[in-house]
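Asks: Next come the chains, spelled out residue by residue.
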Amino acid sequence: METLQILQIIWFLLIGALFIGYSVLDGFDLGIGILLPFLAKEKKDIIALFSAIGPVWDGNEVWLLTAGGALFAAFPHVYATVFSGFYLALMLVLFALIFRAVSLEFWSLDEQRRSFWKWSFIIGSALPSFLFGVALGNVIQGIPLNDKMEFTGNFFTLLRPFPLATGLLGLSAILLQGCTYGALKTEGELHDRTVAAGKIIVIIYALLLILSTIISGIVIPGSLSNISAWASTIVVLVALVITALRIDKKNGLIPFFMSSLSFIGLWGIAGSLQFPNLVRATNGSELNLSIYNTSSTQLTLTVMLIIALIGMPLVVGYTIYAYRVFMGKVKL
Amino acid sequence: MDAVLLSRIQFGLTAGFHFIFPPLTLGLTLVILILESIYYKTDSDLYKKISNFLIKVLGLVFVMGVATGIVLEFSFGTNWSNYSRMVGDIFGAPLAAEGVFAFFMESVFLGLLVFGRNRISRGMYLLSAFLVFFASHLSGLWIIIANSWMQTPAGFALEGGRAILKDFFAAVFNDSMLIRFLHTIMGGWITGSLFAAGIGAWYLLKNRDQETARPLITIALWIFIAISLLQFGSGHGHSVQVARTQPAKMAAFEALWHGQNGAPMSVIGIPDPDQKKTHLEIAVPKLLSIAIYFDPEARVQGLDEFPEDDLPSIVLSYLTYHGMIGLGSLFALLAVVSAFLMLRKKLFETRWFLWILVLAIPLPFIANELGWMAAEFGRQPWAVYKVLRTSEAASVVVPAWQILLSIIAFSVIYCLLFAVFLKILFSIIRKGPEKITLGYVGE
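One line per chain: the protein sequences are Y and P, in this order. Residue numbering for the first sequence follows this note's numbering, beginning at -14 and increasing consecutively. Residue numbering for the second sequence follows this note's numbering, beginning at -6 and increasing consecutively.
For reference, chain Y alone in the conformation it holds in the complex (with noise of 0.2 Å):
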């Protein structure tokens, strides 16, 4: 294999990693934003939760800037496409981001206008938890390109039923990851509700699961032969099923870290349906973008390469550090 070739798969795994670690982190700040309505009851259960995630959410968005900046860096022209090509999808998460990121604070310091920066939190955490998944399920299904690989459908293309199947499956998964880390971080009634909430979300997200699967097979040639595939499926349905049968127990850390498994076993069936693929194209597999006929030059994903074994190391030893501080049940 010659060196371009092993860089440019070594990024498609590192681009895959950065989306796991915002999925898993950013993953649970998201799906404690749209539970709020379900698990708060009253203001010290709202206070509780932002105490939970306030220390570190901001810190797990940084893996989707970094995975966005990635993807730009190691693969411009599939940047650029699903960028421009999912204008007006972006824009709506774009928008729920913007709100998302002030109305933790703006809920603690405008007390005039606190249901409406609740509301902004709740919805603008939802929509991109939808859309992530529909995105993906997109670029996976494949979409309509041109020889200059500009996407030439429309919004409309967008919603077929693989992808909004992978959206609420996403979205479930997301929910998941709010429960777990909510029941870990929460006491009494509210960590009850929590874990209530969670065993009736492991269901939805198992059902999910088969039902994208089952699309995926009607959709998608080949994919139930795909033998990674149906390996990281095997992977998410256990620790799912391990999610279920200890998220009641004393010890949260485990159910978090299995709903967290199941995540990354998401990411392991996109990735195996798709390498060496990022974008496919439903018309002509010639006009397919993958990370052969995407990439920049071994130079830049050299350069890439070093930044990132430089600094990602730091990043994961003070994020941890950073999780041991706020560690334990929060506490009013």
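To be clear, the hints were calculated from the coordinates, so they are not data collected in a lab. Hints are all accurate, no fakes.
Pairs of lysine-lysine residues, derived as PhoX-like cross-links and limited to a Cα-Cα distance of at most 25 Å, are as follows:
#, chain 1, residue 1, chain 2, residue 2
1, Y, Lys184, Y, Lys314
2, P, Lys428, P, Lys34
3, P, Lys428, Y, Lys28
4, Y, Lys316, P, Lys41
5, Y, Lys234, Y, Lys314
6, P, Lys428, Y, Lys316
7, P, Lys416, Y, Lys28
8, Y, Lys28, P, Lys424
9, Y, Lys29, P, Lys428
10, Y, Lys103, P, Lys424
11, P, Lys424, Y, Lys29
12, P, Lys199, P, Lys338
13, P, Lys416, Y, Lys103
14, P, Lys339, P, Lys199
None of the values given here were measured: they were computed from a predicted structure.
Here the structure of chain Y is known, so what remains is to put chain P in place on it, guided by the hints.
Replies: Just chain P, lined up with the frame of chain Y:
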């Protein structure tokens, strides 16, 4: 309307709004680091109170920066997809590096500053304050690297219409990067220090929080005095760099219609591109030649020496550039008066000057915006100077109506957020250092 123009308007609006916040962040992290260092050494609760107060403000400013910053990273793909294809081999790396090296660090340690006062040791807290300061500046550095590469591209070759990275360090240390970084960072320090000093001045005028206001003013104002004066040096260096590497841009900044030996420096005037002259102009003879080349007879290139298609808007470039310099001069004047009053120990009693400090708070923000506008207007018609035209950089698949729609949405959302931001900021200031608590309500 034309999709390229609409995308430019959208980028201008969203980047301009974003750029209100990062400079203030830079300045505040510097003041906070100094306050925390004093607190660490003296163990005086006074400095802890002041620092907590500014950390509260920083938390608010930071989320505004985060909320508006993510838009910009996405916008290269959404609105400037051709740009991303053409220069992604070079331009993406600094954006990714900003995330990896700086933004993670800034976010994680700011979380510790806001929520961790009682959870970590004092040494660790001071280290967190330092890392937030360090990372916010490092973050600025990577963004400036990307931005400067568009102004003075280096370390690349054109292959098949794409810019291909040939030398990473040459691309990073391009001609305008270091001086632009210095100039921008100092703009941030001026912004943050005057902001802090102005708030302190307001407390003195309202006869409240005297105990905390005085040290706050003293620390912040000395930073302001030093940096406002030094900023002249960095501004000068930056202008010299522009004149040498982007002569058409400098000619537009000065509205220098004709190339000449012993060129004058324009102080004020109204440039008229149709008649190719500057109305009501006051200019200092030979000063431009002296400033750029340290030689009163040196030749400076004029607008008539460049193809008209390669020139930026002269009116916009001239007015924004001179507006920035005008404000910079005003800050230097404020700095001199402040230093005089401080040394005579009369500042705290000089009410008229305290009022000026309060009212001057918004001015550095305007100066930052004008400086940024001058830099980017002056770069036109190029997205990447002499490499890629702005008209060829935009997305081709996004219809104009969709961009118009997003512009309207951004405008409405940003107006709402800014109004609430100001309201919350004022309420934090009204509460004051004595009553402020970190963390969420009730924590």
